[in-house]
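Residue numbers (UniProt numbering), protein chains in the order written: chain A, 1 to 370; chain B, 1 to 420.
Note that these hints are calculated values from the structure, not bench results. Check before you lean on any hint, since a few could be wrong.
[Said to hold, decoys possible] In silico contact screen, one side only, chain B against chain A (beta carbon under 10 Å); selected entries:
#	residue
1	Y134
2	R137
3	L146
4	M148
5	V150
6	V238
7	V250
8	G252
9	E272
10	H276
11	L277
12	E293
13	G296
14	W308
15	A317
16	P327
In this text the structure is predicted, and so the values were computed from the model without any measurement. From the three backbone atoms N, C-alpha and C, an ideal C-beta is built for every residue, glycine too.
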Amino acid sequence: MNGFALDRLVPAHVRAFEAYVPSPPDDVLRRRFGIAHLHRLNNNENPLGPPAACREILARWDPRDAALYPQGDGWHLRRALAARFGLDAEQVILGNGANEVIAFVIKAFCEPGDNIVTADRTFAVYEWLASFSGVAPRLVPLRDDGFDDAALLRAIDARTRLLFLCNPNNPTGSWWDHARLARFLDAVDGRCIVVADEAYAEFAEDPDFPDSFALMARHPNLVVFRTFSKMWGLAGLRIGWMAAAPEVAATVRKTSISYSVNLLALEAARAAVWDVEHIAATRAHVGAARARLGALAGRLGLKMVGAIGNFAMLHLPVADTVVHRRLMARGVMARAMTSFRYPGWLRVSFGSDEAMEAFAGALEVVLAEA
Amino acid sequence: MTSEDDAPRLTLPPGVRFAAVGAEFIRGIAAATGIEARLAERMALIAEEVLAASPATAVAVTLALRDRRHAVRLDVVFASAELDLAGLDQSRDRDVEDAAGVGLYLAARLADHLTTEPAGRGGLRLGFDLARAYPARAVPAPPDGLGMPVGTPVDPDDATLALLVDWAEAKGAGGPAFRTAARVLDQRAAGDLFARVALDARRRPVGGLFWQPFGRRLMALAGPALLLPEGPARKALVEALLDSALAGLVRGTVQGLVVLEAAPGMKRADFEVVGHLPDAQGGHPVLFRALEEDPGGITWVAPELRDWVAGMVRRLALGRDIEASPPPARASGAAMAAETDRAAGRVTLRPLLAAADAAEVAEANVALFRGQGFSQMRALLDLGRPEHAGFAQGLLRAGLAPAALIPDAAGDLLLLAATA
Ligand SMILES: Cc1ncc(COP(=O)(O)O)c(C=O)c1O
């Protein structure tokens with residue numbers, strides 16, 4: 001084969017992009033780091049697992065159904081979600097995780113040369129998906145660890161198609177309330193689609209947290225993301241969703257992938273809608289874990305950041321990437337925040353009590369050694 | 001920066017018949033693009049030697065000349081990687097009858113810097129660099145009363161960067177990278193240097209940090225150059241410079257920052273010590289700062305180095321499978337590339353092509369450069385490449401010792417060093 005010049009076939013924005021490499025499976029990590037057990041506190045998973053009704057669905061599942069395709073666009077689940085939030089089922093679109101929904105939206109609205117606006121220190125996937133789609137990410141610095149409305153508005157230009165607002169923000173846990181989001185949407189005045197990524201919304205207990213589905217009626221450029229990975233403990237099944245005004249949803253539907261959500265995920269998610277007892281139990285766990293982490297941070301003299309969400313950040317006196325590795329060697333995996341543009345910070349998910357204790361013990365030792 | 005641009009290029013069959021054509025092409029391009037005759041003539045000679053020495057298995061040889069401002073670069077791309085590169089190895093004791101070998105040997109000696117990398121479709125790219133000379137000039141001293149840094153450090157415009165370098169040079173701050181403003185501007189324009197500069201309220205530079213490519217996935221950090229007096233403002237300046245460098249580098253291809261010679265003021269707590277380099281004062285630490293989480297990886301070592309590497313892996317808490325390297329597939333023809341810094345008396349060797357005679361070749365290289373009066377010998381081995389282990393044995397025999405293990409999950413870099 002002499003005629004195959006791969007470079008010629010690859011767009012420059014793909015060539016320039018470095019592939020994301022996920023961390024290896026636990027058995028490989030355990031071997032490499034020489035540990036018997038690994039507590040994962042790096043992915044903001046729910047240690048309580050999925051709600052009881054989901055477990056039952058999974059336990060009763062007939063493996064022979066694996067041979068069948070799922071229904072192609074989550075008919076029942078979309079209706080269940082729509083009923084819960086006062087929407088029309090056509091306003092709801094499902095994806096293989098909220099990550100896939102981000103891709104649908106970028107594909108629907110952007111072409112190379114356009115830009116998206118988001119923060120510099122937020123969930124990385126908006127920036128990545130835009131970059132390898134030939135769409136420029138315009139990254140606005142956070143102000144006081146939160147999204148900066150005035151600076152975001154200044155960053156919007158004629159080529160801005162999407163603005164991603166992570167609310168609450170991963171990794172800072174900072175958030176905008178309903179009035180602030182409403183004011184912001186007024187100021188954007190329909191110049192671009194505003195995505196409120198509410199992956200952690202179910203952890204918000206404050207009544208002032210936005211009712212984005214209500215805002216959508218007045219602001220048809222508002223798109224809301226949710227996921228079953230965080231509160232609902234279904235991260236392994238990969239299912240997330242978005243809701244938008246009917247004409248916006250109809251546009252995104254064109255670039256969405258039918259059949260991409262698997263059968264088990266659809267059924268388990270449908271059983272989860274909307275188990276308030278599970279929400280209460282998870283919030284109680286998160287609240288207790290946050291209080292204990294706060295006490296640890298106080299004892300170690302570390303600044304802690306994080307208001308809403310099943311995670312918080314700690315500011316370390318030494319490099320986070322070093323602490324990450326040294327924690328790994330003690331069987332605990334947290335998230336080093338240099339890559340989130342928070343050098344010197346560590347993000348830790350509120351895992352099981354056992355994992356949190358292991359983290360606390362390991363962190364004390366690692367910092368004492370440093 | 002070496003492949004996807006529109007530099008004029010010429011593809012020729014390998015061998016001596018077309019060597020003069022290649023040389024004329026280089027002279028022509030140099031004349032058309034205003035490259036000075038002194039460099040043009042040396043490059044033409046290199047092109048001629050390489051073409052004359054290129055084996056018939058090369059299929060086709062492509063020449064491209066580009067002005068990279070602080071250096072002129074000749075890229076020679078062979079369509080096939082099945083080449084005998086021994087001629088590029090400066091240590092090869094050439095039989096004068098072996099004309100082809102002498103050609104490549106001469107070409108390598110003529111360049112200030114030789115790099116090799118795979119080219120598309122199994123080919124091989126040799127990059128010969130000739131450095132530009134910059135006239136010496138008097139530099140202005142920084143004014144008194146530079147103020148506190150204001151705002152986050154910036155990617156400076158040319159005038160600001162030049163001013164920072166001038167002032168750093170006048171004060172002797174920052175180290176060798178912060179000298180000769182014209183060269184620094186050219187290095188940056190060529191994509192070989194990146195900078196962050198902190199400004200005071202009057203937008204005057206008060207400090208800076210540089211980084212330059214180091215190996216495949218790392219950057220070497222230089223500085224900081226600090227123009228403020230000792231005190232809290234200077235401490236905050238150091239922190240702000242590093243934070244903005246890190247923020248600018250993450251989420252891309254760069255995995256970490258190496259500091260081989262830290263300038264005074266670099267905050268040690270932001271780095272880890274990954275080894276020590278010998279110097280006249282008895283040694284100084286090599287610092288490292290990872291940008292990404294290290295998920296563990298494989299590190300290939302020669303048996304002689306296993307204990308040292310295992311000790312470092314433990315000390316740094318790296319997740320590594322330490323594996324013994326399999327013997328290389330080629331029986332002979334191992335070669336190393338050398339990067340020389342004549343002013344510092346330093347040479348850095350890197351494996352070019354692995355073969356079973358790697359140890360002898362490594363030893364011969366060290367002997368050659370010692371013989372030429374180089375006092376600082378260094379070598380860099382990529383432990384992610386199993387076939388490179390053989391070089392380590394020869395380097396150890398020649399008196400080099402492991403100095404630092406620079407972590408990279410895709411291939412740790414082992415830095416070996418010796419002083420004469
Ligand atoms: C803010 C935010 N959005 C989206 C996602 C992706 O969620 P999913 O698992 O549904 O793809 C995450 C996951 O970490 C997240 O933190």
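Taking the least C-beta to C-beta distance, is A317 of chain B closer than 10 Å to chain A?
-> 4 Å, holds
Classify the hint on E293 of chain B as holds or violated, based on whether any CB of chain A lies nearer than 10 Å to its CB.
-> 5 Å, holds
Would the stated hint for Y134 of chain B survive a check requiring a Cβ distance to chain A of less than 10 Å?
-> Status violated, d = 31 Å.
Should the interface hint for V150 of chain B be scored as holding, given a Cβ-Cβ cut-off of 10 Å against chain A?
-> 15 Å, violated
Going by Cβ atoms only, is H276 of chain B closer than 10 Å to chain A?
-> This hint is violated: H276 of chain B lies away from chain A, its Cβ roughly 18 Å from the closest one there, beyond 10 Å.
Status of the hint placing R137 of chain B at chain A (closest C-beta pair under 10 Å) | This interface hint is violated because 37 Å lies over the 10 Å limit.
So, P327 of chain B near chain A? Judge it on the closest CB pair being under 10 Å.
-> 25 Å, violated
E272 of chain B as an interface hint toward chain A, with CB separation required under 10 Å = 5 Å, holds
Holds or violated: is there a CB of chain A closer than 10 Å to the CB of L277 of chain B?
-> 20 Å, violated
Double-check G252 of chain B for me: the hint is only fine if its C-beta lies closer than 10 Å to a C-beta in chain A.
-> Holds - the Cβ of G252 of chain B comes within 10 Å of chain A, reaching about 6 Å at its closest.
Minimum beta-carbon distance criterion (10 Å), V250 of chain B to chain A = 5 Å, holds
Tell me if W308 of chain B is really an interface residue toward chain A, meaning its C-beta lies closer than 10 Å to one of theirs.
-> 18 Å, violated
Violation of the numbered hints given earlier is confined to hints 1, 2, 3, 4, 5, 6, 10, 11, 14 and 16; the remaining hints are satisfied by the structure.
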